[in-house]
Every structure is written in structure tokens, then in C-alpha cells.
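Engineer: Hey, can you work out the whole structure from these sequences and the hints?
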Amino acid sequence: MLPRLHHHSDIDPSVLHYLNELDAAGFQGDIETQYSSRFSVATDNSVYQQLPQAVVHPRTPDDVALIGKVSSKPEFANITFSPRGGGTGTNGQSLTQGVVVDLSRHMNQILEINEKEGWVRVQAGVIKDQLNDAIRPYGYFFSPDLSTSNRATLGGMINTDASGQGSLKYGKTSDHVLSLQAIFADGSILETDGSGTVPAESSLAAQALTVTEQVCRTQREAILAKFPPLNRFLTGYDLKNAINEADNSFDITRVLCGAEGSLAFITEAKLNLTPIPKARTLVTIKYDSFDSALRNAPLMVEAQALSVETVDSKVLNLAKQDIVWHDVRELITDVPGIEMQGINIVEFADQTQDTVDHLVTELVARIDVTMQKGEAGIIGYQVCTDLASIQRIYGMRKKAVGLLGAAKGRAKPVPFTEDTCVPPENLADYISEFRALLDRNELAYGMFGHVDAGVLHVRPALDMCDPEQEKTMLHISDEVVKLVAKYGGLMWGEHGKGYRSEYSPAFFGAELYHELRRVKGAFDPLNKMNPGKICTPLESDAELVKVASVTRGYYDRQIDVQVRDSFKQAMLCNGNGLCFNYDTSSPMCPSMKVSADRRHSPKGRAGLVREWLRQLSDEGIDILSLEHDTYERTPTVKALINRIRHRLNKRHEEDFSHEVFDAMNGCLACKACASQCPIKVDVPSFRSRFLNLYHSRYQRPAKDYLVANIEQLLPTMARMPNVVNNMLSQGWVKTLTKKTIGYVDTPLLSVPILAKRIRRHPLEAFDMQRLAGLSPEEKQHYVIIVQDPFTSYYDADVVEDMIALAVKLGKKPVLLPFKPNGKAQHVKGFLQKFQSTATNTAEFLTQVAELDIPLVGVDPAMVLCYRDEYVEMLGEQRGQFDVLLVHEWLLPQLSALDPLTMAETNRPWYLLGHCTEKTKLPNTEKQWQAIFTHFGAQLETIPVGCCGMAGTFGHEADKVQMSTDIYSLSWKPNLALLPQERCLMTGYSCRSQVKRFEHYQPKHPLQALLQVLNAGIGLS
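Under the UniProt record's numbering, the first residue of the sequence shown carries the number 1, and numbering increases by one thereafter.
In short, the hints are calculated from the structure, not lab data. Check the hints yourself; a few may be wrong.
[Stated by the list, open to error] Straight-line C-alpha distance at most 30 Å; calculated DSSO-like pairs for lysine-lysine:
#1 320 - 568
#2 920 - 680
#3 116 - 169
Structural biologist: What follows is the structure in C-alpha cells.
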């Protein structure tokens, strides 16, 4: 049986005392000390792991000020803080052993948009893409770009002075910050434009202003001599630009930008905006070697390009294996006979099309001449002017960070030297030496970046669970520091210092670094703000954090290697945070979107499972053997009694497993993460395994047994549908079901039942022997319809119309006898039952497949279960069978079916896709459009995320609110704009959710297609 695990209640009593005082003082935000909350912010997108003492989520600037004021009491001198936003930093900037102050959950409002003057005022937790979506209607965008723009907060961008694509023209974040609201460790507040209350003379805010200006003025010559003349200057305390060359004025704003939260909390910002270019063109140039791409890049810059981005062959090849390639395969085609080893993505943008066209024409002419001469390694190019296509290419480039983490093998490309910056003219030679260094150490690597600015992201592949490879990381890091110095560059051109802060003294020099420490001491004399990052106060003996600090690998290696390999979907998460995606129409992790709780994300859940596995290993548990036993043994009466006892005691029993369960319980098992995540962190896969093991100790709730056995119960219930429906419609039954089982809004059975409906159609009974005796030519006219529990018993109209559609298309449909699918058993972690169900059904379907007649199912969740969970559970024992979805069956037949030139109406239909289907089969919507077009109908796709139903998730009482909130994100507002009778959904769950909230029954696309065919005239 699974042992009880400890919370590791290691919180310093003084921290608990501080948090109690904070709460008593009127703090309005959230205070979290549970182990799972702390652990969910113990990592970022770096190799490091630091468990904080607590996490606080302030709601207002007053809350943030209170954090400082309370901590100023003498008894709390040891309390330290680290501000956190999206947690996408690659160098551990927001990691701390103190208190994490997360400004992303509540402080995420756009406060003011000034269209006339072109600026905006925002809170620190606003996400970059969120801001751009809000200001796009005004013709503006916030121009500093970065690959994590759909989850990175503006506070995080300011703290690392982030930049990215287009920085030669648009600059860094600090170039667009007009003023900041900063809150100091003593709670004093500074509006850097002077608009607020003047800080008290004794406050840290006043002290910081005085000392910092003095340092900037008295050390001006030394500062100018040290800060290199690069697009990406020395991040962290930008003393150079704090003095305005034009009028010699001092602006502390620039010092706060890039300070990584080591000086003060940034709570609000006033930002200037950039007019959106009216004309954009992208030229993708292909090369026979990556070196050729690097050496050719300066010519692109000379061509007055807005930006030049480069990607090497490793990243390209990884992209080709990812869902993202479906969007760009026609935009970046292979060159016949020549392997593409790198590309440069060159963008031209301006307010006039003529200007862009002229620049592109000039560049293309030069490329053509170069190619004719066989020079520069150029093997081809493509020009793209369509805005949507341009965004798709950049989407692939932005995903490069995560894609590198998907490399096969235990060694994974990791960030630690990934944003070095050298003068662009030195880049190719620098990279040549960098590559030689990595080759000498026998390391694989991928490269991409901003060659126009001399910044290249280089991620050597290391197995961080190997202590020797950890040493290699430090060695490579030290060598790269020397290398960038040789070529007049920087170790940190884009992603800040973080755990690389140990190199700060060498870069700045003893004299200037002494002055930096004076600045730090003026802002934060007690070293409470993100201690160890960038520099330490002058009057302090505190040390800087180091590259060789404790990494995640130190903890991961405590898990047996076989367990790590077995749970690789959780182990491989590299923290890139794409699952924090702000876009409500993205299907990625709906529970994270509505809860704003990092635990309820693939990254959070993967981290908690890793820690759970580590703690089990620490207890000496053979996890794989324990798991194997759950498949082989039936629980004894004693074990069942113990489970019930443990369940009754659950609230009072300390067990980290409960916290992991709470995070898993909020997962909808939509499986978007399994394909949308660049490294395929498949939460439903390891979630089912966790639940299976968790319930070896703790008794399941009654609703789980109902869900797991529903497929076995439905045929019996369908024998008396009116009785069942009448019973379920009684108010007292609904109340009883909710209270005793925890199940609400129970759907009613279809009446008449499917067995009666099929009598209306010329349907042959399933006869294996007779079908086997048909000739190959005869079999081409048949189709076998595979039933699933939900459409057959709750939405029988769809199955009946599928039969009618097959007949309309000249086919002979055969309805396969109902066999349980087992999806619900997998979702709830009944893995022994699921294995039995899957084995039985797979054997049956394999026999039926031998008939060589197409097998077609109508519900994507059920059909895709055969391809995913069945393969995962049964492996080679799954057998050989394919169940097609309706569109997959129809599409190849179109050429043999007469098209319609006019359908029943010219009004469009609207398809709202099922999230699992869209992510697993990314071409689904386009294929449905092609089918409708063939038959003279118009189908438009509506971008939506998850509907919030997810099988039975939306029917469970403890999840109704989350289900409702998810539905309100993208489905409800989109449906409000569409005609009810024209809305189509492939998923039973989606149709059920819409029926529940909108009180009408949407159609499956096949039903609309049948309507089109019945009404269509004018065959061509």
C-alpha cells in the first residue's frame, strides 16, 4: 500500500509569525504555505530549484507596501522576498528560499490607455500578449518582443529588461518605460515620474534617489567606459542610461529596469506604445550550413531589415516533429536534393507598402544573384506577405525554446549560456569557437536567435541528473565568459543574470562593482530583496548566488532511473511555461486559465508528481513494483476497510499525496498538453497512474465508481429509458444524487433508444461470417459504425444520422454491437479495470478489422482513446485495428463523390472544435471545411479553447464552478454571436455542455452534412 508522505513542514517559525502579522495588518491577497504551492514556484525555466518559505499573492499596491512595512519590524529582519511574474526566467531570477511575492494572479489589470499620446498604464502582472490584444484596436503595440509573450508578465519583462526580435529598431523594454511605481523593502512608494507623494526623507525610496544619482554622476566616465556599445548592454542597474545625454537629467526608472527585483517591487508601469506597421513582409532564406546563415546575416541587416532571426537545423528538425509544423510546412518548404541546415527569417516592416516592397525587391535581387553565383550557401528563399502566415512562422520560431527540450535521450538542451551577445560582425567567428568548445566536450546543442543584435541562444544538451554533467555545465559557463570577453561581448544579452550573478564583479571591475553595491545598499540595506542576485549591499558579507547552486537535477537523481524513464511525461518538463498561455482560445490547460493557480497547470502537476516520486523513493518504496501489484491483485477486505478509514481521516492526516491529488483532481484530462506542450508533458497519462496508486491507500468517492461503470450500466438502463429519465428528473433524486454521489445535471437517455431508431433505416445486422464472405469490391460499399456510450445512449440522433448519411452516400452501414471503450476508467485511474476493458475491446476490434471494411466512430474522445490510451496501456498487445473519425472516413472518398454546386442555403455553418481532437489531429478543421466545400456548403471555424465539460468533469459537484468558468472563457462569448441552428460540434461533451447552458441541442457536423445533401441541388 502507498505510504503516507510528509509535507516537510520546514517553514521557519519567524516566517509563520510574519505571515500571521501580515494577515492581521489587513493584507487582502492570498497567503499560501502549503507544500504544493511553495513547490509550484520552486522552479522556473532554468536548471535550478529552490523551495521558498511561502507564496503571497497581493491584490493591490497597498498589499505590496504592507508586505514591506510589516517586514521592517526588527523581529522580521531575516525575512526576504523575490517578486515573481510568469516564472519564465531562464536563470533562476525569481527563485528564492525566502518568500515569493507573485504579482501575476491578481495584479494584472490594464489601468489606462491614452490613445492620443500613445501610452498605457498597467499593473505588473499584465501579460505581454494581453496588453497587445487590448491596444491593437487603437493601432498600437508594445514593441519589445520575446518568445514567451503569451505568458510573460510586463513586470518580469521590466525586471529583466527583456527584448527579442526587432530590438535593433524597437530596443529593449527599458526604452519604452516612461515611469514606474516601485515599492521598497520598508513599504515606501516611489512614482519615478514624481507624480506621487514625495517619499519621507528617512525612507529607502528617498535614500535610493539620492545615492543612485550621486553614483551615476560621480562615476560617469567609468560607467561609459565599461558599458559596451551594444544593442544589448549590461543588464542589471543600468547606470549608463540613468543620465539623459540630452538634458543631463537623472531618471531612476532606468536603474530599476533590469534589476531583477533586487532593488524594489515593480507594481505599476507607464509604457510608451509603437504604431503597428501597416505593411509587413517576411523573407525566409534557406542555407546549406548554419555557418553560412550566420555569416550572411549582416547583409540582411544592411538591407534595412527590421529583424533577422536565425534557426539551425536541429531546431528545424524538432519543429518538423511537432504540431507547430502543420502551420508552416507550406511556408518553409524543403529544397529538393539539398538538406536545409539553417534559415534566416528576415522581416521588413513600415507604415507604407511601397517602402517595404522596395526593400524586399532589392534584397531578393541580391539573393538571386548570389544564388546564381553559388555563393553564401543560399539554397532557396520564400517571400511571405500574408499577416497570418507571418505570425505562424514566428509562432514556430517562438516555440524553439520548448522544442529543444524535446530532444531525445536523457541529455536535454538547457539554458545557462543561451543569451550571450557579441557585436554582430564577430558573431560567426565567436560561434565557431563556441561550437569547438562544445564539440571538445562532446555535447550536442541547438541554436537560434537574433543575429541582427549578435544574440544567439545556444543550449548545450546535458543530463542534469548526472553530477559529472553538472560540473561540465560550470566548466562550459566559465569558458564562455572568457570567450565573450575575447569578442567584445556579454554573457547576458537578453535574459538577465540570475544565478550567473557570480560573474558580475569580473564584468564590472572592482571599482565600479563597489559603486553598484552602494546603489544596492541604498535601496535595500538589509538585503531583503531577491538576495544574491546582481550584487550585494556594500555593508554586507552576503554572497552572490552561483552557477553551481542546487539544481533540479540534484533532486531528480534521487528518483530511480527506471522510475524516471517510466514517468518521463512528468520528468521531462523543463519549465518553459507554455501551459500558462494567456490566449483564451488556446486549448492548453483550461484549469490553469480560470484558477490562475500554477499548481493547476501541466508544469505544476508535473513538478508535484516529480516531488511525489522523489518522496516515495526517499521512503524506500519500489514504485514500479507497487504499481504492478495494483494491476495484479484484488484488494482484500482489510485493505478496503483501511481505505475507508484513511478516507474518513483524510482531513486530519498529513500526507503530501493529498496535495498532489488536489492538483490532479482539477485536471480535465483534455490532453491538450500532450500535443500543445513542446515537450509533450502528458498530464492525463501520469495523472491516471497517480490516482491508481493514491487509491491503493485512500478509498475512492462514490462518483468515481459510477463513472467507471457507466458503460456497463447503460445497456441495462436503456431497457427502460422512460422510467430512468422520469426518476432522474425528480427534484429529490437530483438533490440526493448531488449530496450522496456528488453528481449534478445528469443527462437523460435518448428516447426512443438507438435500437428502435435503427429500425427506420435499411440497416444490415452485424454478421461477421457473412461480411467476411463478401468480395473486396462488395466491401468497398460497406462501412461499420463503432458505437460509443455517450452518442449511442445519450445522443442517439447523431448515430442515426450517421447511418442515414452513409446511405445517402451510397454506402451500406453496419452498426457494430456496443463494446465498452474504457476512457472513463482511465480518466479516474481505474487502471486494472481499464486494462481489462481495453484488452477485451481491442481483441474484438482487431477481429472486426480483419474484414477490411472501414471502422468509423463519431465521438473524437472515444476514437482517439483507441489510438492513445490503448497504445499506452497495451503496447504491442493492442492488436491491429484503426477506427476512423467521420471526417477521416469521408475525406478520401470525395474524389469519387459528385460535388454539389449549390447547397440548401448560402449561410455558413460554424464549427467549434473538440479540444482533444484539435490538438491531436491539427488538420481536422481544415478537413471538415474541405468536405463541406465539396458539397457546396460553407464552413467557418471558430477559435475556442476547452468547453469545460470534458466527459463527466462538468457533472461533478465539486467541479461545476470550474466547468462553468471555463465555458465562459471562449465558448459562451463566441456562441452569443452565432445563430444557434448553424453551430456544429464534433464532441459529445461539447454539445452536452452547450445544451446545459444555452438550452438548445447543437448538431454534429455529420448532421449538418446530411442536411446539406438532402437539400442540395444542381449536381455538377
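Engineer: It remains to establish, for every hint, whether it holds in the given structure.
Structural biologist: How the hints compare with the structure:
{"no.": "1", "hint": "320 - 568", "in the structure": "holds, 21 Å"}
{"no.": "2", "hint": "920 - 680", "in the structure": "holds, 11 Å"}
{"no.": "3", "hint": "116 - 169", "in the structure": "holds, 23 Å"}
Violated hints for the displayed structure: none, as all numbered hints are satisfied.
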